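Participant: These protein sequence lines map, in sequence, to chains A and B. Heads up, the first sequence is in our numbering, so the first residue is 1 and it goes up one at a time. Heads up, the second sequence is in our numbering, so the first residue is 1 and it goes up one at a time.
Please keep in mind that the hints were generated in silico from the structure rather than gathered at the bench. Nothing here was measured: the structure is a model prediction, and the numbers come from that model. Hints may be right or wrong, so weigh each one.
It does not matter which identical chain is used: a pair holds within one copy or between any two.
In silico EDC-like cross-links for lysine to aspartate or glutamate, where the CA-CA straight-line distance does not exceed 16 Å [unchecked claim]:
| id | residue 1 | residue 2 |
| --- | --- | --- |
| 1 | Lys174 | Glu127 |
| 2 | Lys276 | Glu243 |
| 3 | Lys2 | Glu17 |
| 4 | Lys391 | Glu169 |
Number of protein chains: 2
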Amino acid sequence: MKDLLIKDLSEEDKGKEVTLRAWVHQIRPLGRLIFIILRDCSGMIQAVVKEDPKLLDFAKKLNLEDVVEVKGTVIPSRSKIAPIEVQVKSIKILNKSSPLPLDISGKVPAELGTRLRYRVVDLKRPENLAIFRIQAELMDSFRRFLRSKGFIEVSTPKIVAMSTEGGAELFEVKYFEYKTYLAQSPQIYKQLLVIAGFERVYEVGHAYRAEKHNTIRHLNEYISLDVEMGFIDNENDLISLEEKLVKYMLKSVAENCSHELKLLNVDIPTVDRIPKFTFPEVIEILTEYYNIPEYKDQTDLDPRGEELICQYAKENYDCEFAFVDLFPLEGRPFYTMPYDSKLGRSFDLLFRGLEISTGGQRIHRYDLLLKRIKEKGLNPENFKYYLEAFKYGAPPHGGFAIGAERFTMKLLHLKNIREASLFPRDRYRVTP
Amino acid sequence: MKDLLIKDLSEEDKGKEVTLRAWVHQIRPLGRLIFIILRDCSGMIQAVVKEDPKLLDFAKKLNLEDVVEVKGTVIPSRSKIAPIEVQVKSIKILNKSSPLPLDISGKVPAELGTRLRYRVVDLKRPENLAIFRIQAELMDSFRRFLRSKGFIEVSTPKIVAMSTEGGAELFEVKYFEYKTYLAQSPQIYKQLLVIAGFERVYEVGHAYRAEKHNTIRHLNEYISLDVEMGFIDNENDLISLEEKLVKYMLKSVAENCSHELKLLNVDIPTVDRIPKFTFPEVIEILTEYYNIPEYKDQTDLDPRGEELICQYAKENYDCEFAFVDLFPLEGRPFYTMPYDSKLGRSFDLLFRGLEISTGGQRIHRYDLLLKRIKEKGLNPENFKYYLEAFKYGAPPHGGFAIGAERFTMKLLHLKNIREASLFPRDRYRVTP
């Protein structure tokens, strides 16, 4: 087993004989020397071949991405980039690579479609590993924070017979003789678990939307960071929890991914308080401050509105995040707790012009829930098992969900959400 | 927001006025007193109602699972079970419960089918919360261990156009105009990520098997704890890693779930070395030691064989785990690295008579992989994107996967794997 990662080597190892197993990331002949940049999951190091004519000849024939075992001596580096390099004594090829369909050195940028077609090769770019290390830190810090607050991790079914929002935008699964769907969100199940006395739950899992949109901000399969908790007073408890959570996640990425952030040339914003606007306030800002009368009777926010509200928050509160609370019930799911006859206790979290999270207080009373299902034109029979649970002790509760890819995309200034998904699933893409 | 969990109360709080928000778990009238056991996600506490006739009258009418807000004073308890209790000053009903369809006190055990029909009520039993807290610790300790070894967490697509084993036992998903399936395992994608230079990856995610078995050890949707790593010498590196991992997971559960283990009356086994047998040795044990000649020409292990090998390991090595290595290629997937013409570098981990994990070294050479796909009667065209990746620098690699529910089931002596799944999906169950 490989027991030495490249990052483990330091100046203290000067003079040591080492064995590195890695990929050939770059080859640069320079007079009678050949420099090879070796790459593994932990980093890169320069290996130098010199003098030995047989070895020089062998090194000349290496391909990029050849998998090699290099033995050599750790020596001080002549370059300014790194303090050490390895003087090569032997190279063994563990597996030969063919010429690559994509440049991965960053010299010849490829178009995203090509990159996704050859995604495995594309992912070899160190920038990609950095993106997904940061995404992994987002997921892990999400869990750490919630665990510390007494939340329990759960895993809910993705094959469901009930739909969350009532039938639209669902992928159908042939499950033996049953007609089932891929869950649009763990909404129903996380609520059931709060009622079941788990009280505080979180889940990191896939969610599925059969949306035909083919935009830079939609995926049909995405990672949903879900939270649900009982015994809240109202949605403001959730907003306060999410604010603390997001701050913790940002801090964790800043602390634990400094190398990756440097590589991607990204600074993590420090956040103090996230401003909160109500939906009526948002409409006022859009119609009055930005002077766009068309927003007057809107019941939801469009992408342009999200961008302007973030711009407003940035200019007036020096914050790139903004909560929008009390969305009109009309555009929100049946389980949304009403605030009054028009508005619901439902909020979005916007970040740099994009909704990255939605949450709210849920209805916990059976009668009101049944009424709202009917008012939304849904069939209560389709929600039988869900509704039934509210008869057996449902506490006041609510939760939220963060889209991991959207958060990653905005945090790292990626231009397309597909760059924040290892193997994105979109309207026309099911491979690789 | 609820800021006091029941478990936070201790003897130091004697005399304090507290507000508890919880479920009514039990009610016991005793002469002119009424004892109420309150339950939240963190534990239980006794609340005592006395003297106040109005309050006694109110308390008498409480239902089990009513959601209540109780204000009262922390006092020393007269019972021996707990040092403190709460003397009630007021009770407010946050949501009323109907009479329960199931007894959740443990006095009247219900049949599993009924329990799963009313799963939300069934999950209210403290034993169930304990089971899933332990499962959460298994998942979390799995991640912690691998993170500490330089592994990166990934999330791979569950909607796939390629099948891992070639078309059998797949759930079909209607994905717009494409015919896709639910991934049987992240096998293909975790291998692709190793090739892509991620080198060491893990994933906790759902896997789907359209098996028609309706047994106590099969689920159609289960949690797969997946690991894959590059630059191994052979499968023994993986066996060694998995041994360390399993020991860490057991230790973590023992340390972090003592309360839950006590409630379930379970002891966590301490493991030193896990014995390893080769498949030919296993056949010899079964035919010679256990004198069952029918095993002579077997190419796979059946449940009885798994039980006997675990019995053998227990009797001869005092270990409830056993690795079986070098399974015949015939019963293993095409990507299995051959050991010789008959056997593959593929292993199982058995625990208390059940296979809880499968792993092995994979083929990393394009030519051999293509040959094995053809020999298995599969169409290379269906593996186009997978095969292609092996041209661009695939290191020697391998991995394994642990079934979270199987591990939980065996660890906690559960009789049926459905008890280790919050909302199990089986041959005839897609709700709740």
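Participant: Now look at each hint and say whether the structure bears it out.
Facilitator: Here's how the hints hold up against the structure:
1. Lys174 with Glu127: Neither: 39 Å inside a copy, 34 Å across copies.
2. Lys276 with Glu243: The answer is within: 11 Å in one copy meets 16 Å, while 50 Å across copies does not.
3. Lys2 with Glu17: Classified as within: same-chain Cα gap 15 Å, cross-chain 60 Å, threshold 16 Å.
4. Lys391 with Glu169: neither (29 Å within a copy, 38 Å between copies)
Checked against the numbered hints above, the structure breaks hints 1, 4 and satisfies the rest.
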